Amino acid sequence: MSLFRQTIVRSQRSLPGFRSPCLRLPPVNLSSRYPRSISFSVPLKNATNTTRQSAVPAAQAPLSHQAPAAVEDTAKPEYSGPLAQTFRRLKIFSLASLTFSFTLAPFMFLIESSLPIPARFALVTIAIGSSGISTALVGWCGAPYVTALRRIAPQDNNGGKGLEMTTLTLGLKPRVTRVYDTDFLVDTKRPFAKWELASSITVASQAPGQEETIAETMNKDGEVLGRWVVTWGENGEGTCRQVGNVVRFFNVHEELL
45 MSLFRQTIVR SQRSLPGFRS PCLRLPPVNL SSRYPRSISF SVPLKNATNT
95 TRQSAVPAAQ APLSHQAPAA VEDTAKPEYS GPLAQTFRRL KIFSLASLTF
145 SFTLAPFMFL IESSLPIPAR FALVTIAIGS SGISTALVGW CGAPYVTALR
195 RIAPQDNNGG KGLEMTTLTL GLKPRVTRVY DTDFLVDTKR PFAKWELASS
245 ITVASQAPGQ EETIAETMNK DGEVLGRWVV TWGENGEGTC RQVGNVVRFF
295 NVHEELL
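In my numbering, each number is its position in the sequence shown, counted from 1, plus 44.
Hints should not be assumed to be uniformly reliable.
[What the hints assert, rightly or not] Once the Cα atoms are required to be at most 30 Å apart in a straight line, the calculated DSBU-like pairs of lysine-lysine come out as:
| # | residue 1 | residue 2 |
| --- | --- | --- |
| 1 | K233 | K217 |
| 2 | K264 | K217 |
| 3 | K264 | K238 |
| 4 | K233 | K205 |
| 5 | K217 | K205 |
| 6 | K264 | K205 |
| 7 | K205 | K238 |
| 8 | K264 | K120 |
The hints are simulated quantities; they were obtained by calculation from the structure and are not laboratory data. The structure presented is a predicted model; accordingly, all values stated were derived computationally and were not measured.
Given the sequences, and given the hints that come with them, work out the whole structure.
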């Protein structure tokens with residue numbers, strides 16, 4: 045087989061125009077055919093954003109990440125009522141039972157029974173009355189309970205000490221009361237409450253006839269619902285009065301403050 049292959053190769057070499065496959069081809073000048081200015085580049089998608097982010101000074105870069113945390117810290121209350129959820133569930137249960145009593149009241153007169161109409165009317169009155177009284181008691185006992193409390197910074201309160209307390213109505217609507225002068229918060233004799241806004245106070249060096257707002261009650265939208273205003277008289281005696289609907293009594297756990 046090797047002799048046969050050598051014979052074929054020799055016969056091919058003897059042919060005119062044959063070139064051995066081992067011969068090297070002369071170099072081809074591609075510059076004459078293709079311009080040298082051709083180049084390929086892949087643009088970065090975020091090249092512009094990357095340049096802008098790196099242009100931010102190092103001292104200011106962390107502020108964009110720390111600012112939201114600082115806002116959340118100032119919004120967090122310094123005090124949270126431990127019985128807030130208990131009062132909330134109790135109000136929901138009372139309102140549900142009152143609604144249930146009103147819903148079933150008409151059926152007492154529609155269902156066939158041997159009870160006369162006056163007896164049925166008495167049963168409906170007792171059911172609705174007892175449910176209404178219990179709901180009113182729950183609302184009265186839980187109205188002063190402070191669910192959240194935080195201090196007002198002196199720079200935001202003309203240099204004085206202030207408190208912001210949040211309570212809930214019977215309908216579970218938040219009421220935010222800002223007390224701008226804590227000297228007007230005194231002990232109270234009202235059950236289920238610890239503090240109250242003083243009805244009168246005596247302070248030295250006050251101009252007679254001057255009025256000041258001591259506290260304001262707002263809803264969740266910041267709308268002022270009522271104010272506690274003091275009118276100064278002779279010898280620094282101040283008489284307070286209520287303007288609008290203001291929360292006056294507050295129930296807090298003083299041992300947690």
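For each hint, the structure was consulted:
no., hint, result
1, K233 x K217, "26 Å, holds"
2, K264 x K217, "8 Å, holds"
3, K264 x K238, "24 Å, holds"
4, K233 x K205, "24 Å, holds"
5, K217 x K205, "27 Å, holds"
6, K264 x K205, "23 Å, holds"
7, K205 x K238, "19 Å, holds"
8, K264 x K120, "15 Å, holds"
In this structure, every one of the numbered hints holds.
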